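Enquirer: Single-letter residue listing:
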Amino acid sequence: MSEAKRLHPISAVMNFLKGLKDAILPAIFLLVLNNDESGTWLDWLPTLVFGVLLVFILVNGFIKWLRFTYRIEEGELRIEYGLIFRKKRYIPIDRIQSLNFSEGVLHRPFNLVKVNIETAGSSDIAQAEADLTAIKKPEAHALEDWIQQAKRKTEADTDSEALESNAHQADEGSVVFRLPSKEIVILAVTSGASGVVFSGLAFFGSQFGEIIPYEALFNEVVEFVQIGVFVVGLASFLLLLISYGIGVLLTFLRFADFKVRLVEDDLIITRGMLEKKQMTIPLNRIQGIQVKQNLLRQPFGYASLHVESAGGGVGDKEEHNMNLLPLVKKDSISGIMAKVLPDYQFDVDLKPAPKRSRFRYFIWNMIITSIIAGAVSWFLWPIGLLSVILVLLAASLSWLQYKDAGWDLQGQQLCLQSRGIIKRTYYMKKYRIQDTEAKQSWFQKRKSLASITSTIKSGLGGASPTVDHLEVSDIETMLQWYEPEKVQKNTKNKPT
Amino acid sequence: MERLEPANRISPKALRLWRIYGGIQSVIITLLAAGLIVATYYFNWPKWLILIGIIVPLLEIILSVWLLPTIRWKRWRYEVREQEIELQHGIWIVNRTLVPMIRVQHVDTEQGPLLRKYKLATISISTAATVHKIPALEVDEAEHLRQSISSLARVAEDDV
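Heads up: the protein sequence lines correspond to chains P and V, in order. Throughout, the working numbering is defined as the position within the first sequence, counted from one, plus 63. Throughout, the working numbering is defined as the position within the second sequence, counted from one, plus 393.
No lab work stands behind these hints: they were computed from the structure. Owing to the predicted nature of the structure, the values given are computational and were not obtained by experimental measurement. Treat the hints with care, since some could be wrong.
[Stated by the list, open to error] Dumping the calculated DSS-like pairs for lysine-lysine here, alpha-carbon to alpha-carbon at most 27 Å:
(1) P:Lys510 - V:Lys467
(2) P:Lys322 - P:Lys199
(3) V:Lys467 - P:Lys502
Same shape as in the complex, but just chain V:
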């Protein structure tokens, strides 16, 4: 799209975090695949199952550890302006979201155990009908954003 991309990126540490999530997922898939291969030998199942047992974990590792986190991180952008918040995210489908400040009802930050370890936080912005999340911001940045969004949002009164 011609429109300028939102100015800010999320923390580079998010990339590492997503790779860890992808890694955990890959380990589970690999274990399952290993189980399949062993079972194929043991019960004399058709041999092409072994091929699947090799290809699927490989694809999974490539996609969820390397490719998808990279694209997702590159795509994730946000910008908080005085009158509105603009977000951009999505791997295959790129979403551009515009939330006017006057529509924001409240802002929350949350932290899971892994996020806390990396000193990151997720910020979620709620309107009367929708919730938008910016994942993996630096804690300070998230805190600052929450403060500024809620003070900017307070300026305007509510229609709903």
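With the rest of the complex left out, here is chain P:
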């Protein structure tokens, strides 16, 4: 496997399409801007520029493919590319953290796959990952196996591909989670975007009833304006509904055939219908677990579970905050995760925020929404009075925020739960927490309350779950817990 290889020629087409996508906005701008005709050759300038741009992108895509080679040599993955500036990137095998596969529509007919190589925490963001845009599937699997073997330090003959693909067949691991079609539908329907649509529906329903009395009260002009508003409202609502439909469909395609496998020390997620994706999460890179419940899913006992992992690329935020269980009954989480991450405890009794903190949860939400509602009511009397609903909504949200705040300590694990709009519960191990911060405002001090934030690494940055307005003594318990033990001088307390 040591000779330099090119990517599949189709990647030239992909480069071209990608270049086209990046150039589309400036191109439109160019064409729209120079729309006035003066009858000279200048009229043709935009078209000319556009044409040259097109040819340039085409050639560029082709050259990119031509100059891009990869090979495996001396325990390194060596990638070389670039025409004028020849760039070489050599990635030592033990720095490769995981390989993620994805198959787009263009990959499928040729049995190809895009390989994204994630390396462990390089401080230089641009160096943190590399892509092989399109290579044959068996080659990708051979690469995967080769990395696996190199990591296991077994001195096998890395040149015989047949042997490796056999090894790959055997190594399917055990499926720990599968998402049934019914649940994918629920997932798609209850995703974040739906909230906007439902509130739109509610608003529209309320508007509908009010159109009739207004007809009697105002003259025809006002009526006309009202109908105008109505039509615009209807149109935008329909648009919203359609985009929601598309969103549901896309979510369905994205999560179709969702499967999580545990292969030795890696979690492998595969998903997707049109575009197939495979992501690998090494278990030892997991920094913490986040369980999310939005307002639509919570009543039905559904939640989603995300894994925060370290390192990786710059691209998708999603890649570091991996949706391990996109939709799952909350009470079955601990059963599923016991097989995957037995160190984590998901059955915890959270200690709540004290009763006297209720006021603090309400006060700012109430003040801000009251000011808004007051202003809206004043300027849009009397229909602006509807904004009082906002205050009521804020009050119920504040109540939920108060009810959902909680914390728990269990051995090495800290659990913090709070709600913005979505309820988030973080499960973190002491040896993964980067720092812990207690905060106390003057108001909190008077009631001996305080807030806590613990930061874990997530992707190239961090995730910082915060719980507000807890008992000061509880915060101190957490700080005490987090403080390294002084007796164990120079012995690293490093579980697992």
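Starting from the known structure of chain P, arrange chain V on it as the hints suggest.
Expert: Chain V only, in chain P's frame:
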């Protein structure tokens, strides 16, 4: 909070430095306010604008030259122990931060022109996910801290 405050304060010279920063800011605000007052006379704008032009710079001077630097300096405390670093800062909201030594990835010191004039330095402590700064330490102290933190941090290996 019941917890003992971290033992060390930052350099008293920081107070003077912050007052200078506040002073510069106040001068700019005062100039703007003066401009407003002149414009109010000139264009016959409503008279209450003059009141604003007087009150705002006064408040600004009181707050950013006197009150805020004093509180901030009093609040700023730090302590570097063998196993962890503890910081306390904040004017309205008091932050207490605990960074275990094993989480520290690297330590930097930096100096702006004003800091250099007063022989001060800012030290920043980076973990894999966060950066914490201790502003305005004596240069020697900062240098010493950087040395000791990085040698203490080197003792432990990395999980991330």
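Enquirer: Compare the structure with each hint and give your call.
Expert: Consistency of the hints with the structure:
1. P:Lys510 - V:Lys467: holds, 22 Å
2. P:Lys322 - P:Lys199: holds, 23 Å
3. V:Lys467 - P:Lys502: holds, 17 Å
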